[in-house]
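Asker: Sequence order for the protein chains is A and B. 1164 is the number of the first residue of the first sequence in the working numbering; add one for each residue after it. 347 is the number of the first residue of the second sequence in the working numbering; add one for each residue after it.
Take these hints with a grain of salt, some might be off.
Lysine to aspartate or glutamate pairs mimicking DMTMM-like chemistry, simulated, CA-CA at most 25 Å apart [what the hints assert, rightly or not]:
#1 Lys1168(A) x Glu383(B)
#2 Lys1257(A) x Glu1207(A)
#3 Lys1217(A) x Asp1243(A)
#4 Lys1217(A) x Glu442(B)
#5 Lys1217(A) x Asp1292(A)
#6 Lys1257(A) x Asp1202(A)
#7 Lys1217(A) x Glu538(B)
#8 Lys1217(A) x Asp1296(A)
#9 Lys1168(A) x Glu463(B)
#10 Lys1217(A) x Glu1274(A)
#11 Lys1257(A) x Asp1296(A)
#12 Lys1217(A) x Glu1255(A)
Sample of chain A residues lacking proximity to chain B, with all beta carbon distances greater than 10 Å (derived) [as the list claims (entries may be wrong)]:
#13 Gly1214
#14 Ile1235
#15 Asp1243
#16 Thr1268
#17 Gln1309
Far from chain B, by Cβ distances over 12 Å, these chain A residues were calculated [unchecked claim]:
#18 Ala1225
#19 Val1229
#20 Asp1238
#21 Met1247
#22 Thr1263
#23 Gly1282
#24 Asp1284
#25 Glu1286
#26 Glu1305
#27 Val1311
Calculated from the structure, these hints are not laboratory results. Glycine is no exception: its CB is placed at the ideal position from the N, C-alpha and C atoms.
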Amino acid sequence: MKRSKMMELGVGLFMLAGILGLVFLGLRVSGMTLQPPGDSFRLEANFANIGSLKPRARVTMAGVTVGRVSAIELDTDWYDARVMLELDGDLEGKLSRDTTAAILTAGLLGEQYIGLSVGGDPETLANGDTLRDTQSAIVLEELIQQFVSNMVSD
Amino acid sequence: MIARIMGLGRRGCDLLESLGRAGIFVAQSAVGVPSREGWHLWLRQMHFVGVLSLAIVLVSGLFIGMVLALQGYTLLVDFGAEQALGQMVALSLLRELAPVVAALLFAGRAGSALTAEIGLMKATEQLSSMEMIGVDPLRRVVAPRLWAGFVALPLLTIGFSVVGIYGGYLVGVEWLGVFEGSYWGNMQASVEFVGDIGNGMVKSLVFAVVVTWIAVFQGYDLVPTSEGISRATTRTVVYSSLAVLGLDFVLTAVMFGGLS
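So that you can see chain A by itself, here it is in the shape it has in the complex (with noise of 0.2 Å):
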């Protein structure tokens, strides 16, 4: 009866771990959170070149990461890329209406992210405005081509 209890016992936390495992594969290893991503706070931005800039990726301002990229398509309006922003809701309110938006490269072949730089208007943005004033991303290509009929030119 006793070794029963303890092989009882060896199970349940066998499962237990496997469990507790999960949870930790869920949490720290593709980062997602417990509470609902309730109040949050969506903006659109057109850009004309995305360049690799992916779903899920990173939104900045100063460095700190305060939103992700929620979905990217194309504007048939305009032909340009329109992507959609999703930010912290305390942020509504308090970005201004001339903020601009660039799509950066963390180091020289990292992912790509999008930064966000205040202005100085007084008015602000409000939940799903556009930003109008944005930076494309860097085409690595067009920068050699730049480089090289530059120095043909010289």
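Here the structure of chain A is known, so what remains is to put chain B in place on it, guided by the hints.
Answerer: Then chain B, alone, in the frame of chain A:
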């Protein structure tokens, strides 16, 4: 010439017959109302195939995570991209290595033991005696082992991934000096819960079904001699390893290969 074609046909029929037997066998034993007695039998098998396999699986996971970090670091540091180490370790473990290596270890550690145990029961005519006294050996012997395998391997795979990622952390961050924030941060930015962890779990569940099924069926279907038991044990390990590796390619192609 005609005799050869006939031989081929006979082999094909044998193969189909044994596949059919295996299918009926697993369907008959896996269904059925669990009783209080069945729960205890399941618990005992769970202890044997799950808890006692934990040590080998966790130690292998730790070493595989460590060697992944070491190899990945020497490769990535040439491109100045050693921040991507965490993402590389986590993705290769969750998507491929944890399900496959845990299933191979499980086939060697638990599958062969299941085959030998059931095979010896058959050779000593314990299974026939059970039938004589009105106990269904499928329900009594086979079903608890099948269900224990189905549950234990996914749990072992989770343990393998967790320990492997920690091993990668030990080597990458503590030893080679990758920045801790970028190890976890890049990992969290690139690993998706459903897409990576969920698909890894699906893989592991498929492997659990295949490996346990092969092990138990080989034990139940062997020639009841000492040579037959040794052959069946070997077959269990060989067939399970081949099935795991082959199925892994198919599952990877379906899940991550852009075939959608």
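Asker: Can you list which hints this structure breaks, lowest number first?
Answerer: No hint contradicted; all consistent.
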